[in-house]
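Whenever a hint applies, use it, and build me the whole structure from the sequences.
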Amino acid sequence: MSEKKLAIIATKGSLDWAYPPFILASTAAALGYQVQVFFTFYGLQLLKKKLDLQVTSLGNTGMPMPVSMPVLMQALPGMQSMMTMMMKRKMKAKGVVGIEELRGLCLEAEVKMIACQMTVDLFDMPPKDFIDGVEYGGAATFFEFAGESDICLFV
Amino acid sequence: MSEKKLAIIATKGSLDWAYPPFILASTAAALGYQVQVFFTFYGLQLLKKKLDLQVTSLGNTGMPMPVSMPVLMQALPGMQSMMTMMMKRKMKAKGVVGIEELRGLCLEAEVKMIACQMTVDLFDMPPKDFIDGVEYGGAATFFEFAGESDICLFV
Amino acid sequence: MSEKKLAIIATKGSLDWAYPPFILASTAAALGYQVQVFFTFYGLQLLKKKLDLQVTSLGNTGMPMPVSMPVLMQALPGMQSMMTMMMKRKMKAKGVVGIEELRGLCLEAEVKMIACQMTVDLFDMPPKDFIDGVEYGGAATFFEFAGESDICLFV
Numbered sequence: 731m732s733e734k735k736l737a738i739i740a741t742k743g744s745l746d747w748a749y750p751p752f753i754l755a756s757t758a759a760a761l762g763y764q765v766q767v768f769f770t771f772y773g774l775q776l777l778k779k780k781l782d783l784q785v786t787s788l789g790n791t792g793m794p795m796p797v798s799m800p801v802l803m804q805a806l807p808g809m810q811s812m813m814t815m816m817m818k819r820k821m822k823a824k825g826v827v828g829i830e831e832l833r834g835l836c837l838e839a840e841v842k843m844i845a846c847q848m849t850v851d852l853f854d855m856p857p858k859d860f861i862d863g864v865e866y867g868g869a870a871t872f873f874e875f876a877g878e879s880d881i882c883l884f885v
Numbered sequence: 731m732s733e734k735k736l737a738i739i740a741t742k743g744s745l746d747w748a749y750p751p752f753i754l755a756s757t758a759a760a761l762g763y764q765v766q767v768f769f770t771f772y773g774l775q776l777l778k779k780k781l782d783l784q785v786t787s788l789g790n791t792g793m794p795m796p797v798s799m800p801v802l803m804q805a806l807p808g809m810q811s812m813m814t815m816m817m818k819r820k821m822k823a824k825g826v827v828g829i830e831e832l833r834g835l836c837l838e839a840e841v842k843m844i845a846c847q848m849t850v851d852l853f854d855m856p857p858k859d860f861i862d863g864v865e866y867g868g869a870a871t872f873f874e875f876a877g878e879s880d881i882c883l884f885v
Numbered sequence: 731m732s733e734k735k736l737a738i739i740a741t742k743g744s745l746d747w748a749y750p751p752f753i754l755a756s757t758a759a760a761l762g763y764q765v766q767v768f769f770t771f772y773g774l775q776l777l778k779k780k781l782d783l784q785v786t787s788l789g790n791t792g793m794p795m796p797v798s799m800p801v802l803m804q805a806l807p808g809m810q811s812m813m814t815m816m817m818k819r820k821m822k823a824k825g826v827v828g829i830e831e832l833r834g835l836c837l838e839a840e841v842k843m844i845a846c847q848m849t850v851d852l853f854d855m856p857p858k859d860f861i862d863g864v865e866y867g868g869a870a871t872f873f874e875f876a877g878e879s880d881i882c883l884f885v
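Protein chains in written order, with our numbering: chain X, 731 to 885; chain V, 731 to 885; chain G, 731 to 885.
It should be emphasised that the hints constitute simulated quantities derived from the structure, not laboratory data.
One or more of the hints may lead you astray.
[To be verified] Here are some of the chain V residues that sit facing chain G, going by a computed Cβ distance under 8 Å: (1) 753; (2) 754; (3) 826; (4) 885.
[To be verified] Below, a list of computed lysine-lysine pairs in the DSBU-like style, where the Cα atoms sit at most 30 Å apart: (5) V/818 / G/779; (6) X/734 / G/734; (7) X/734 / V/735; (8) V/735 / X/818.
By construction, the Cβ of each residue, glycine as well, lies at the ideal position given by its N, Cα and C atoms.
Encoded structure:
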């Protein structure tokens, strides 16, 4: 029987939305799937050597924050960093692996990471800012794999 | 011919984004699909007995609200509740089924609902807050079904 | 060998999130895929003759804006339009095709566009506001195609 394939399009660049692609990719790889992740739009932030991801509670009413805050307060300067810090502390206390470590696990498990060339060009993102092992390609390249995948997710 | 399968990963916890997973799941079940929904991250809010979902217009410029408001006003205290109330009233007037009813339809149609154990642990969510009939599992459990699905969606 | 099929559910109505469905649809069509896009919820904004899409940086911490701004400033009246204008200018300078042009390419490539009847009714959206060539249908109609698709994405 041939290997199962998982294709992910990672488009979000905040701390909370950084987890799903890396958790799904590493879990699938551990289960023997062949995995490719195409990082595009805001998702390219997840490939940076120096990650600076923030939690955004705005637009997520369902978020069980350690401390609840009215919407207006969430928009105050400094509040986003405070929520990010609290979230990181909570995750650490609970033993949740950080994004960098999770990303490393994906690379070790041979998850193929592709940076969207068009977005890289659009925002003049220097390739030296990205981690090693990243490949560059367009949507057409990605369809070669996605078209044969068992699961394809837009995250 | 074997039954078609639909797998959904439900990750959002606001009133507006609560509709897609339940509408897709109930429609597919009515068409004879076998359906599993994996609730994770903010999506776990959708499994609570006592739903307290809010509309978030922030970040949705395309939202045709009953009354249009500038971005800053939307961040004022009380405004989110007001928009939520207006949205609910509009939906009721139009005969749109509420989330609780839609969720009930899914359960009746034997849609399998799985709560992400990792997120439940991370946010210390007490299982007694969730509706009956929910199962608990991790991403690996979900892949067993998703890997054989005809459609798999990350919502 | 039969044609590959791509099914997309387009649910977002902002300028930044208008790109993914149209880029994916037009790329797949160019590669010989048969493509159907189901526009629902805020995604219906993408079918309007007169597009008035805005960038929403709120909730996208990863967005490399031409000028960076604290969260609170982003909520100020006029700021959203300013960011939208800057984004459009940048895209134009970089030779990125506009949404209207991209949408036209999709129609030329025979991408089938379906407007969600339920959402249209809910928000009393007049069909005359939509571009020509749009069909109307429900989730059930869409599943006929999606259930046979090689790739199905919820965008």
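We went through each hint and held it up to the structure:
Annotation: residue 753 of chain V was flagged as interfacial toward chain G, and the flag holds, the nearest CB pair being 6 Å apart, inside 8 Å. The closest approach between the C-beta of residue 754 of chain V and any C-beta of chain G is roughly 6 Å, which is under the 8 Å cut-off, so the hint is satisfied. Taking 8 Å as the C-beta contact cut-off toward chain G, the hint placing residue 826 of chain V at the interface holds, the least distance being around 6 Å. The interface hint given for residue 885 of chain V holds, since its Cβ lies 5 Å from the closest Cβ of chain G, which is under the 8 Å cut-off.
Simply put, residue 818 of chain V and residue 779 of chain G have alpha-carbon atoms about 28 Å apart, close enough for the 30 Å limit, and the pair holds. With a CA separation close to 18 Å, the supplied pair residue 734 of chain X and residue 734 of chain G stays within the 30 Å bound. With a C-alpha separation of about 17 Å, the suggested pairing of residue 734 of chain X with residue 735 of chain V holds against the 30 Å cut-off. Of the pairs offered as hints, the one joining residue 735 of chain V and residue 818 of chain X is violated, with about 37 Å between alpha carbons and a cut-off of 30 Å exceeded.
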